[in-house]
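**Student:** The residues making up each chain are set out below.
Number of protein chains: 2
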Amino acid sequence: MIRKWVPEEMPQEEELERRQEAAKEKLASLQLQMKDHRLPVLVLIEGWGAAGKGSAIGGVIRNIDPRFFKVAAMEEPTPEERRRPFLYRYFAKIPEAGKFTFLDSGWAEEVTRQRLSGELGKKQYEDRIESVRGFERTLTDNGYLVLKFFFHISRKAQKKRLEELEKEKDTAWRVGEYDWWQNKHYDKCLEVFDRYLSDTHTSSAPWYIVDAADKKWAQVQVLERLCSGIEVAFQNESLAVPLLQNIFPLVKMPRLEEIPLNLSLEEGEYREKLKDLQGRLRALHYRLYRKKIPVIIAYEGWDAAGKGGNIKRITGALDPRGFEVHPIASPEPHEKARHYLWRFWTRLPKTGHIAVFDRTWYGRVMVERLEGFCGENDWQRAYYEINEFEKELSKWGAVLIKFWVQIDKDTQLARFQERQNTPQKQWKITDEDWRNREKWDQYEAAVNEMLQKTSTVYAPWHVLESVDKKYARIKALEIVIQAIEAALKEKDS
Amino acid sequence: MIRKWVPEEMPQEEELERRQEAAKEKLASLQLQMKDHRLPVLVLIEGWGAAGKGSAIGGVIRNIDPRFFKVAAMEEPTPEERRRPFLYRYFAKIPEAGKFTFLDSGWAEEVTRQRLSGELGKKQYEDRIESVRGFERTLTDNGYLVLKFFFHISRKAQKKRLEELEKEKDTAWRVGEYDWWQNKHYDKCLEVFDRYLSDTHTSSAPWYIVDAADKKWAQVQVLERLCSGIEVAFQNESLAVPLLQNIFPLVKMPRLEEIPLNLSLEEGEYREKLKDLQGRLRALHYRLYRKKIPVIIAYEGWDAAGKGGNIKRITGALDPRGFEVHPIASPEPHEKARHYLWRFWTRLPKTGHIAVFDRTWYGRVMVERLEGFCGENDWQRAYYEINEFEKELSKWGAVLIKFWVQIDKDTQLARFQERQNTPQKQWKITDEDWRNREKWDQYEAAVNEMLQKTSTVYAPWHVLESVDKKYARIKALEIVIQAIEAALKEKDS
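Protein chains in written order, with the working numbering: chain Z, 9 to 501; chain C, 9 to 501.
Chain Z extracted, bound-state conformation (with noise of 0.2 Å):
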């Protein structure tokens, strides 16, 4: 691509002016509308050392309301970074619906440099590629403007900048030892950088190369970019995207209605069994934490299933410091406002952690499937992406175990009734817990359908028949041991 592209010629200083006072009005009159749009603006600010990005970022910001935008320099990935997927400390940085983050720079750079620097092979780097392709897209399929400049200038140019900034004390500091690498082994890493911009350039995220050659003029090309890129996007507000084929491989799951009632366990038995098992859990615990492995344990059900006690009794197995427990209700306003899956990327444990979901990501095709707070196309759409998301756990090397906590109608009747009889339990039922279950038919039509779609080999769904609490607790202490005793011994292999 870059070795293609033919840079627009300068204007003369005059028109340049020209050009950079009117793209500046626009872009703050654009950002007074990008409120109302709603439209959240991802602008990655991608490119060779010295060529001027975080200065361009300067120029562009200078015309924004600082309510409306934050700036983030991500430097190499910190050993605590390294501790959660790839794509986490991005994930972490997507701006708010209205609002604009900028990445000097993003995980173009990150992905570039350990290509270059082998730490990434072949294989590893097209797993990469897939994991970059699938976040940008599913970014811009939720809503979001992702605009990415490749900031371009020539070795010439790389060399008399770094030599400039090292004559001078207040800028010696931003040259880096990268920086050099890339001007000796410039053909290198133009290869590289041209492979990775044709691997991710997407009618949706394209890239723009920007002639940085100049200061001012890349500024321009930067503002003006931004300026038609969010006019396009205020024109699509309510964008359905194609569904994709489901490409990954599924388990088949029984049907709610074919899931037995009459499971259960003696008391003696029962309390026997947990003691063995929460010893068995808490010895595991340590074992993971020095493989560094990490778990997650989600758990979906219907109200007064038996989710909290349920947790308990795995928790109740586990060193404190080393897991955390998320309960997930509605999503605040800072949460709505950003991609459905931000707050669970940024809950994600570290390497050798284990965190635990009281409900998930898939309250997209549960109830915000039925209570309409998504459309169609979004939770259709749904499937896939939280595959993809289960997927990029799986690559990272979690063990990821979903629970769906199951009981029939009766069940929750009487348990609803107890809870409203019963003074000290009363906090636990609401008015939404009645109106919910008079829409048990549609949950469960849309629990099956779920089931039946994102139950993956790397990340099947479970069922606790938990009529009987005791047997679902045991049941599925049973099956977080084996699924980290089965991860332990693939690690040991």
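Derived from the structure by calculation, the hints contain no laboratory data. Nothing here was measured: the structure is a model prediction, and the numbers come from that model. Take the hints with a grain of salt, since some may be wrong.
The list treats identical chains as one, so a pair stands whether inside a single copy or across any two.
Claimed, not checked - Mimicking DSSO-like on lysine-lysine, the simulated pairs with C-alpha atoms at most 27 Å apart in a straight line are:
hint	residue 1	residue 2
1	LYS130	LYS196
2	LYS130	LYS12
3	LYS436	LYS499
4	LYS32	LYS177
5	LYS196	LYS131
6	LYS399	LYS12
7	LYS34	LYS461
8	LYS447	LYS167
9	LYS224	LYS461
Model the placement of chain C on the given structure of chain Z, informed by the hints.
**Tutor:** Using the frame of chain Z, we list chain C on its own:
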């Protein structure tokens, strides 16, 4: 892609029947709505030989009113088709708004077959991929629904089917050499198919892999995908798409106001030069016919600028068997119902022939822009689309010459008045001409933008100063001769 894909499990017979009936009914109802939505749907059925592509199409179309679809069985290109650009025969087949075209098979088959036979080397294959991506993108950007299916069967299943087909006299003819060749080189084919699918899997035109082991099941998969694709497309009536950065090398053009108006030629000199140049052009026409070089001469310019007379001086030198003039008026209904480039793609000359366009595809960024016949996003996107179209012509080997015939406003007035006052010329002047004249300044701005943005190295604009028509005619002849001579020279070298 194919190797990663895990087929959905085929439902039991009863469930399969139910889904088939449901999808058929839905498709019938969607087809009626397609007309109102003016949605054109292009369906590519690609895949292994003997995978049942034809029979699947047969099953699907039984549910559609015959007035609303066409099926095209694309064989290997004929010698005649090989004298056009690769995409020509596919562009010619795109459906009208509200209708289907089913291709059995499409460009995937052609590209992969030629890749497998070695006819396309690595570099040429990449060129083809670039063409295909651009083609599919410009269709979907302009409101087409492009649904791509790949019918997949195992090596064993293919072998069994080929043997069965060969056993019966009625079906034996359907087995070709290439089918058996595929079966013998199954793994190699799989690799090439898989690579092609990955290379062309985009979010606006994604691939669907069809498990074609069972014919009814294959048909159900296609039916369901058709329905879901159409439903999604209905939601995107006025899609705006991100504007792509120009990546084509541009030639600097003067602005219209800088063009001198005083260039002229003496009658005597004109006669002499005309005779000489037409003689040379005549000779060149035979040479380029033998060398099979296609030539496209495109005229744009102000009303009454002298396009007609200029064209006559060119064609007067040509062998009538080797050229065609295409006067371009407002599109007819069947043209308006298709991609705006369709009526130009279908009028491309064969190799060795000359096509002269009296007005062109640049209507998109002039009259269609100014009269609001297309949206802003449409004409803004068109600069890229047109550069890309002309790039395709250039890759094909065409000589492409674009003339802007320039006069000033006063000259136009004088010529309008003369037409009005001369009975035999009155047909040449209409109310529309006067109306257009009122928008002179808007047109001038649009023309300036067009000249700046679409004058590429491989298809530059030439301004013909036509206040003195004689001057303009001689200049046009000289430019045409020069361009053809250069192409012949290049072909010889």
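**Student:** Among the hints numbered above, which are violated by the structure, and what are their numbers in rising order?
**Tutor:** As far as the earlier hints go, 3, 4, 8 are violated by this structure, in ascending order.
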